[in-house]
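Asker: Here the protein sequences come in this chain order: A and B.
Mapping to this note's numbering: the first sequence position 172 is 172, numbers consecutive.
Count along the second sequence from 1, add 251, and you get the number used in this note's numbering.
No lab work stands behind these hints, which were simulated from the structure alone.
Treat the numbers as computed from the prediction; the structure is a model and nothing was measured.
Treat the hints with care, as some may be off.
Below, computed lysine-lysine pairings styled on BS3-like, alpha-carbon distance capped at 30 Å [to be verified]:
| hint | chain 1 | residue 1 | chain 2 | residue 2 |
| --- | --- | --- | --- | --- |
| 1 | B | Lys-538 | B | Lys-284 |
| 2 | B | Lys-291 | A | Lys-6 |
| 3 | A | Lys-6 | B | Lys-342 |
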Amino acid sequence: MMDTKKYIFTFAITSAIFATAFFASTFFSNKRVESVKSIQDNIAIDILSSETQFSLLGEVPCSNVGESSLSPELSTLGDKLSRTEADRGAEDNDVVYLKKYYSLLQIKDYLLSKKLANKCGAAKKPIFIIYFYSNQGDCADCEKEGYVLTRLREIYPDLRIYSFDYNLDLTAIDSMKTIYRVKSSLPALVIEDKTYIGFKTVEELEKLLPDTLKVATTTASLSKKVIVKQNPPKVTVTATTTVATTTKAAD
Amino acid sequence: MIYPILHGLMYPFLFISMYFQIFLLTTFFENKKKIKHEEKQKSEVYPTVTIAVPCWNEEKTLAGTLDSLLQLDYPKDKLSIVIVDDGSLDKTLAIAKVYEFKNPNQIKVITKENGGKHTAVNLALASSTSDLFGCLDADSFVAPNALRSIVYYLNVDSTVMAVVPCIHIRNPRTFVQRIQAIEYLINIFFRKTYGELDAIQVAPGPFSIFRREVFDKIGVYRKAHNTEDFEITLRMHRAHLKIMNSHKALVYTIGPETFKGFFYQRLRWARGFLENALDYRDLFFKKEYGNFGMFMLPIAFLFVFYGLYAAAFIIYGLFSQVITWFTRFMVVGFHPHFPTFDFFYFNTNVMSFVTMVMFSMFLLALYVGNTLSDDKQEFFKNFPAYFIVYPFFVPLFLGRAVIDTFFKRRNEWVLQDTKK
Chain A
1 MMDTKKYIFT FAITSAIFAT AFFASTFFSN KRVESVKSIQ DNIAIDILSS ETQFSLLGEV
61 PCSNVGESSL SPELSTLGDK LSRTEADRGA EDNDVVYLKK YYSLLQIKDY LLSKKLANKC
121 GAAKKPIFII YFYSNQGDCA DCEKEGYVLT RLREIYPDLR IYSFDYNLDL TAIDSMKTIY
181 RVKSSLPALV IEDKTYIGFK TVEELEKLLP DTLKVATTTA SLSKKVIVKQ NPPKVTVTAT
241 TTVATTTKAA D
Chain B
252 MIYPILHGLM YPFLFISMYF QIFLLTTFFE NKKKIKHEEK QKSEVYPTVT IAVPCWNEEK
312 TLAGTLDSLL QLDYPKDKLS IVIVDDGSLD KTLAIAKVYE FKNPNQIKVI TKENGGKHTA
372 VNLALASSTS DLFGCLDADS FVAPNALRSI VYYLNVDSTV MAVVPCIHIR NPRTFVQRIQ
432 AIEYLINIFF RKTYGELDAI QVAPGPFSIF RREVFDKIGV YRKAHNTEDF EITLRMHRAH
492 LKIMNSHKAL VYTIGPETFK GFFYQRLRWA RGFLENALDY RDLFFKKEYG NFGMFMLPIA
552 FLFVFYGLYA AAFIIYGLFS QVITWFTRFM VVGFHPHFPT FDFFYFNTNV MSFVTMVMFS
612 MFLLALYVGN TLSDDKQEFF KNFPAYFIVY PFFVPLFLGR AVIDTFFKRR NEWVLQDTKK
């Protein structure tokens with residue numbers, strides 16, 4: 001004998017579980033977007049603060065402006081944004097908005113770094129790579145280049161990597177593309193104001209990067225290791241000082 | 252491009268699978284009291300029983316099978332054993348004769364030319380006059396209480412026409428047998444619940460016991476694509492004959508020891524299922540066949556294709572991940588880091604939640620299966636083999652069975668199946 005009620009009851013329970021899963025997933029996905037937005041807001045405040053500090057530079061000596069002026073959260077934000085994009089899809093309105101916001105923050109950070117370098121000289125000169133990619137299936141090497149840049153960032157924590165979605169509809173990115181003469185051939189990398197088209201390995205990029213980055217990174221990590229053993233609370237201060245000193249000495 | 256399509260199609264299948272799981276679990280828990288009550292009951296009435304033991308080259312296991320039958324807790328004058336040697340080329344017949352000589356009142360040996368299991372069982376059936384008739388494969392063994400437990404169900408309900416036992420893998424030693432041990436454990440839950448729904452899918456070769464009138468009504472065993480046990484079950488459902496499960500009637504069968512043997516056994520089963528289900532397609536979605544026709548048979552048929560689809564989905568996902576790892580390795584080498592805990596990176600999509608719920612329900616069903624049986628298995632020792640290998644093994648034989656059925660290939664592979 002068939003118990004029709006049980007079939008209906010089972011359907012109700014199954015639907016309820018699916019609905020709960022759907023709502024839970026949406027809830028956590030929205031939380032993720034909120035988290036990214038919150039990080040972006042913090043970065044915006046950081047950049048605004050740095051810009052304000054920069055405006056005051058005429059009255060403040062360069063030595064008072066440390067590396068911390070540049071927002072350290074940008075790289076982790078990039079990872080989280082990638083995760084959000086994978087979760088919600090590249091076409092999702094929130095994702096597009098976050099990517100545009102992220103791109104603008106990167107450009108502001110980049111401009112601020114350059115201004116800082118101009119004002120304070122080589123000691124404050126940031127080393128960065130501007131990277132244009134596409135994830136619309138028209139860039140076979142972009143995935144590989146992403147791995148290379150992630151690895152470079154691990155090797156050289158001081159290296160700043162600004163990545164831009166070539167296809168993102170944002171006039172500021174279009175201007176960057178025009179300045180660096182980036183066409184649709186991707187991946188495209190800008191190092192020391194020179195544009196390189198096509199895939200580059202870790203070794204190839206290391207050759208293109210200025211030596212100061214490598215010296216600074218090695219010295220900073222060595223110094224960190226020694227100080228951690230001797231007196232852990234002094235790590236941050238000492239490491240920062242070492243980076244600044246080494247960079248100056250090298251230049 | 253392929254992945255989003257596979258991903259999208261996964262949801263309806265997940266819904267159906269979860270529906271199926273919930274349906275079975277609610278059925279079990281609503282009948283739990285009745286099931287517990289049955290466990291305490293014992294039959295005091297002993298109808299006459301004939302057990303057929305069809306053998307084909309079973310010299311290694313026949314003696315153990317016969318010993319277990321002789322040790323059954325059942326009046327000796329009510330239990331007959333008919334050994335049918337189906338043209339064995341080894342010492343099977345000699346062993347059978349020794350047992351016949353020692354137990355002339357209980358054991359009878361018939362020998363014939365090889366003709367397949369169904370011919371052997373039918374010969375035993377024709378030579379018997381008992382109230383009940385069953386079969387025990389010569390590589391299976393019964394626990395002493397098995398027959399009494401089964402007979403109880405036939406005694407208390409005259410509408411019950413057949414009773415199937417609770418089957419375990421005997422002494423699982425090899426990796427492949429450990430996989431089967433868990434598979435049989437989950438089947439204990441399925442079989443019990445199907446019994447409560449009057450929707451048992453197969454009255455298996457090892458020790459399913461039938462009333463004689465079943466054969467009078469629907470006829471004897473047929474070749475039925477080398478799965479005569481499934482076919483006779485379909486015929487019983489078509490004739491509205493009720494089948495129950497006795498979860499306390501323990502039967503042990505020797506599972507294939509190697510992947511090759513396991514593959515060919517499952518290929519035969521899956522091919523037999525598909526061919527017979529197609530032969531009996533008139534049962535599908537017919538209300539008169541109750542839960543079996545409306546739900547269990549169609550969903551079992553659907554699951555053959557779902558199993559293939561789900562496997563393709565999982566393998567595609569894993570393959571993509573491996574390609575990603577490989578590409579990264581080729582580009583930047585291997586640089587392991589300590590994983591950092593950040594809730595942000597947790598997978599919180601709908602499929603993850605649904606899969607977690609379904610996996611929990613699967614474990615619950617497994618637990619129920621283990622508690623139903625009197626023989627507690629080495630669950631933790633066997634589960635990893637099942638969990639890691641089985642999902643990749645199933646699509647192999649299912650895929651081949653579907654292809655063979657579609658192209659109507661001949662069944663040469665049956666010869667390689669050691670368990671006929």
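Asker: Next step is simple, just say for each hint if it's right about the structure.
Answerer: Hints versus structure:
1. Lys-538/B with Lys-284/B: 28 Å, holds
2. Lys-291/B with Lys-6/A: Roughly 28 Å separates the two Cα atoms, so the pair holds.
3. Lys-6/A with Lys-342/B: 54 Å, violated
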